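Chains A and B, in that order, are what the protein sequence lines are. Under the numbering used here, the residue at position 255 of the first sequence is numbered 255, and the numbers go up by one with no gaps. Under the numbering used here, the residue at position 235 of the second sequence is numbered 235, and the numbers go up by one with no gaps.
Certain hints may be false.
Copies of one chain are not kept apart here, so a pair can be met inside one copy or by any two copies together.
[Claimed, not checked] Keeping only pairs whose Cα atoms sit at most 30 Å apart, straight-line, the calculated DSS-like set for lysine-lysine is:
1. LYS424 to LYS137
2. LYS537 to LYS461
3. LYS537 to LYS510
4. LYS137 to LYS148
5. LYS43 to LYS4
6. LYS537 to LYS424
7. LYS269 to LYS101
8. LYS537 to LYS89
9. LYS537 to LYS553
10. LYS43 to LYS89
11. LYS461 to LYS548
12. LYS380 to LYS225
13. LYS510 to LYS392
14. LYS424 to LYS348
15. LYS103 to LYS188
Calculated directly from the structure, the hints in this document are not laboratory data. Please read all numbers here as calculations on a predicted model, not as lab measurements.
2 protein chains.
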Amino acid sequence: MTVKERITALRATFKQNKIKAFIIPSTDPHMSEYVAPHWEARKWISGFTGSAGTVVITENEAGLWTDSRYFLQAAEQLQGTDIELYKEKIAGTPTIADFLKSKLIAGDTVGIDGQVFSVIEARTLQEELSTYGILLKTIADPFDSIWKDRPLIPQNPVFIHELQYAGKTTAEKISAIREQYEQLDNRKETAILVSALDEIAWTLNLRGNDVHCSPLFISYLFITKSEVHLFIMPEKIPETVKIYLEEAGVQLHGYQEIIPFLQQLNNIKVLLNPSQTNYATLNAISAECDIEEILSPIALLKAIKNEVEINNLHHAMVKDGVVMVKFLKWLDQDANIHHETEMSIEHKLHALRAAQPNFFGESFDTIVGYGAHGAIIHYKATPETDMVLEPKGFLLLDSGAQYFEGTTDITRTIPLGALTQEEKEDYTLILKGHIDLAMAVFPERTRGNQLDILARQHILKRHMNYLHGTGHGIGSFLNTHEGPHSIRMEDNPVTLQAGMVVTDEPGVYKAGSHGTRTENILLIVPSGEGMFGNYLKFETITLCPIDKRPIIKELLSEEEINWLNLYHQRVYDLLAPQLDYDERYWLANATAPL
Amino acid sequence: MTVKERITALRATFKQNKIKAFIIPSTDPHMSEYVAPHWEARKWISGFTGSAGTVVITENEAGLWTDSRYFLQAAEQLQGTDIELYKEKIAGTPTIADFLKSKLIAGDTVGIDGQVFSVIEARTLQEELSTYGILLKTIADPFDSIWKDRPLIPQNPVFIHELQYAGKTTAEKISAIREQYEQLDNRKETAILVSALDEIAWTLNLRGNDVHCSPLFISYLFITKSEVHLFIMPEKIPETVKIYLEEAGVQLHGYQEIIPFLQQLNNIKVLLNPSQTNYATLNAISAECDIEEILSPIALLKAIKNEVEINNLHHAMVKDGVVMVKFLKWLDQDANIHHETEMSIEHKLHALRAAQPNFFGESFDTIVGYGAHGAIIHYKATPETDMVLEPKGFLLLDSGAQYFEGTTDITRTIPLGALTQEEKEDYTLILKGHIDLAMAVFPERTRGNQLDILARQHILKRHMNYLHGTGHGIGSFLNTHEGPHSIRMEDNPVTLQAGMVVTDEPGVYKAGSHGTRTENILLIVPSGEGMFGNYLKFETITLCPIDKRPIIKELLSEEEINWLNLYHQRVYDLLAPQLDYDERYWLANATAPL
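This is chain A alone, in the form it adopts within the complex (with noise of 0.2 Å):
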């Protein structure tokens, strides 16, 4: 089928279904980053492939958004297709409900699947087009009928993440998070649904493959005071797993039963985090019940870590650390840069990580970005893209792993040769930027935003910024972006907390020249009591040399160097033991007094 057949197939259905407009994002029924292709309707429908973006079907015509990341990509994908782009954040380009008022009238009806929107969405849409009398109605899953070879939802075995890397039981987590929620309100019985997929798999110390890069498994969870039920397709739990879940006192039901079971409930209050929780399934919960909508106390617990899974962290920090030395030595040293490209390198990274013990996966799509390509945020090197490495300009290199030890995610800027004084001086600020805030001491009930600008101050000066975030959490095992904290320009109430890690990670992208991020992982550890209470600090897990060939020494102050000196030291030491001769040797050089 063509797009245009597959559009024609679409539309076929808006007479049954009453409406006059369909609209298609890019997620799955969990509000996932990472979606499993049972779910990439807006891939098909469209032919685009790109991460995000939403796709618009009336009766004659039919829109792409997205955001600037994607605009020459959709550019290309949708030629010949009769799909319009429409450039997010450009002046001039409708929102999607303008969109709507300027091809429907009043009285008319805009479908979408209740499933792919969650709460906060949907309630946003309704609300924009009820202004305009244009009306919004969920209806079953059009592509079931229409996408003939569609992918079944995942049915991949889910397993047991064991105790020596959780540290905490399932039992005692669900204590912990009953807790949380009995001390909202005592007055009614109360249950939460848990629609985010790494906060199942937390919950329940399982793991699965059903998403790319993130060892989850597609389903739902809901507890009550006194039950747990478990709403997974029967065919992924295997007898082993079958026997932990009864043991915890979890109760198994079909994937699909959801909607029957949110929908037969008697009155209890149901909480619920509406940006992760689908439209579908707030919709299903039985009127008898109240509903309150919440932060998940999940997030909360899952983001502060405990002991066990600390240990695990440092262990998994000395693994990649060892994959980035040895990878960084063969750059340096073994490879024939003119005969490696940027998937090259990728492959050759992912070999060194694949050879560790306990070695799940990535934990994200690989970014190699030589020149050009370091100034494209989230660039994935193609075949059509891939570009021969020359010795000089930067290669940007953005990676991570899943082991069962936990998830990392690491940032280095690496001089291939020669570099220009612009590119040495923004090597230099970020760095900067990364110090200063590795080296930060914050009073407790401190929010990441406070400590923003300490990463952005230096570039600021000379009129430089990046658009992302400073810092995001990284999950156990689970999600390489995880909430709730995060250290960004833009509030976020949540308050950074000791046993919390968080990313640092500046970078500065000059458009057709260069890019360059330096991103280790902090760990937050109490710093002592002191004036009005206690204090933190963070302390750098990351263990891989930071190289110091682009520095501008005069740029930095000795208190920066003083930091540079000793994290070198603690990588040297702690890398050293577990490499060989030459590699030692020269870690020792790159890790060495500046």
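Given chain A, put chain B in place with the hints provided.
Just chain B now, with coordinates in the frame of chain A:
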């Protein structure tokens, strides 16, 4: 009348009002920071003279809630009154709602005078009490009948703040206000109720003398699409002002007529800020009207200074700088320290300021804190506490003036002789923070809480902090503390914009030992275009040397030393022409490069 007799007289009104308790806060109907004596009922009923505190009287008990600044003073002043002291934010202290719950029973009623509670305060109290089944009722001000020598509502004459200072006419300002709120909603005629005295004074280009340290006049303002209504005691309007207001199309009403006026409104939408509007006026608004609670559009218009205001402010800064240099030179060279006290210093400084043209008064109560008194953040020397100076330690001096050209606010920490290493370190680290904030460059749409850490970062590394904000806005010949922006740890969604002024005043306070704070006023100015848009920076507009003697130079970075030297050069260049030979000579030394 003794305090006991006063409380008995108040209790005698309970029966006719059908209340079991009455709450007396420290505010006026305009939620002013400084309160005219007429509204000092809390002081009258309790004998406690501190600026912050709330008295609660039940049929058999009485309590005063106040914060840590006033624990000692309140304990002394409450002796023999039967009023119990409740120390706020101390473990075990009940809230006022908790206290009332323990003394009253469900169905009982608590009275307040709705004029001296903001909408937010009254609503919060009502919600807290309602969970215990206790009712809240607004009653007429009971002090009119029992407080025999109650001071009158201030009747001081209003005067015109000339266009040469204000920069924009009242007509222009009213247009700008209407433009702001007309954007909000066009479907219903909209009006704004203005209760904040500084917003009224700014809008009408009028000033008064009703409130301590602030050139304000007691009034309400109501702006509709086509009309402007001012509610003020007619005695306060001289003939010239009357003509001025007539020409500006402002209709005059008596101050108390605000209530019947609001009761008779027809079907319009009334905008008001629930933090600045008293509960009695809210309740007076006709039920036919819609009420929309907003942040006042005037606050933001007022905060962004126009060119005329900025030019005048520079003049005010030169005047105040001359005052400070004369004072500092006198203290350094001419005064006999052993004959001076905190209060004599205050008088000396007042005399110097009063000699400046267009001086209207202090902009707040001068803080002269010697030695351990410097650690008391809102210290005000009294005959009982006044301390004779000695040639050692720090004198913390925080003061400011109201000039027609603008409002000033400056803090210097002055060494009177030998200092301890700790005093020098604290001084230097606070100065570092002050300079780092002053040097910041930041993109448009940055909020103050994002920059706050720049001023704190160095003391936090030694586990020190201060619990006040780092910076507040300042009026143009108006309130010393004005919003809506700020630089604080706490969230504030208002962004920093070119034309705003903000203080930069980090400090460290060590009880029983010393305090140090350095405060300048910063003007936000464009820094130029750059990546992703425009950038802003600070221009320090306060002109006064920062004492170099306590500085430990090795703790400052080269960039910080350069900032200080350049700042001092500017201070000298701009002040020297206004000084005599001896003062210039002293200033040349005080501003010589570090």
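How the hints compare with the structure:
For the identical chains of this complex, LYS424 and LYS137 are neighbours neither inside a copy (55 Å) nor across copies (69 Å), given an alpha-carbon limit of 30 Å. Taking CA atoms no more than 30 Å apart as the test, LYS537 paired with LYS461 passes in both settings, with 26 Å inside one copy and 9 Å between copies. Only between protomers do LYS537 and LYS510 lie at most 30 Å apart by alpha-carbon distance; the minimum there is 23 Å, versus 32 Å within a single protomer. Taking CA atoms no more than 30 Å apart as the test, LYS137 paired with LYS148 passes inside one copy only; the shortest distance there is 25 Å, against 68 Å between copies.
Within a single copy, LYS43 and LYS4 get their C-alpha atoms as close as 13 Å, which meets the 30 Å cut-off; across copies the closest is 79 Å, which misses it. When the C-alpha separation of LYS537 and LYS424 is checked against a cutoff of 30 Å, the pair qualifies both within a copy, at 29 Å, and between copies, at 25 Å. Taking the shortest Cα distances, LYS269 and LYS101 sit within 30 Å of each other only across copies (28 Å), while inside one copy they are farther apart (37 Å). Taking the shortest alpha-carbon separations for LYS537 and LYS89, only the inter-copy value of 26 Å comes in at or below 30 Å, while the best intra-copy value is 37 Å.
For the homomeric pair LYS537 and LYS553, the shortest alpha-carbon distances inside one copy (25 Å) and between copies (26 Å) are both at most 30 Å. For a Cα distance limit of 30 Å, the shortest separation of LYS43 from LYS89 inside one copy, 21 Å, qualifies, whereas the shortest one across copies, 56 Å, does not. When the C-alpha separation of LYS461 and LYS548 is checked against a cutoff of 30 Å, the pair qualifies both within a copy, at 23 Å, and between copies, at 26 Å. Proximity of LYS380 and LYS225 under a CA criterion of 30 Å is satisfied in neither setting, with 46 Å inside one chain copy and 57 Å between copies.
Proximity of LYS510 to LYS392 under the C-alpha cut-off of 30 Å is restricted to the intra-copy arrangement: shortest distance 16 Å within a copy versus 55 Å between copies. Taking the shortest Cα distances, LYS424 and LYS348 sit within 30 Å of each other inside one copy (27 Å), while across copies they are farther apart (55 Å). Taking the shortest alpha-carbon separations for LYS103 and LYS188, only the inter-copy value of 29 Å comes in at or below 30 Å, while the best intra-copy value is 46 Å.
Consistency note: the structure conflicts with the earlier hints numbered 1, 12.
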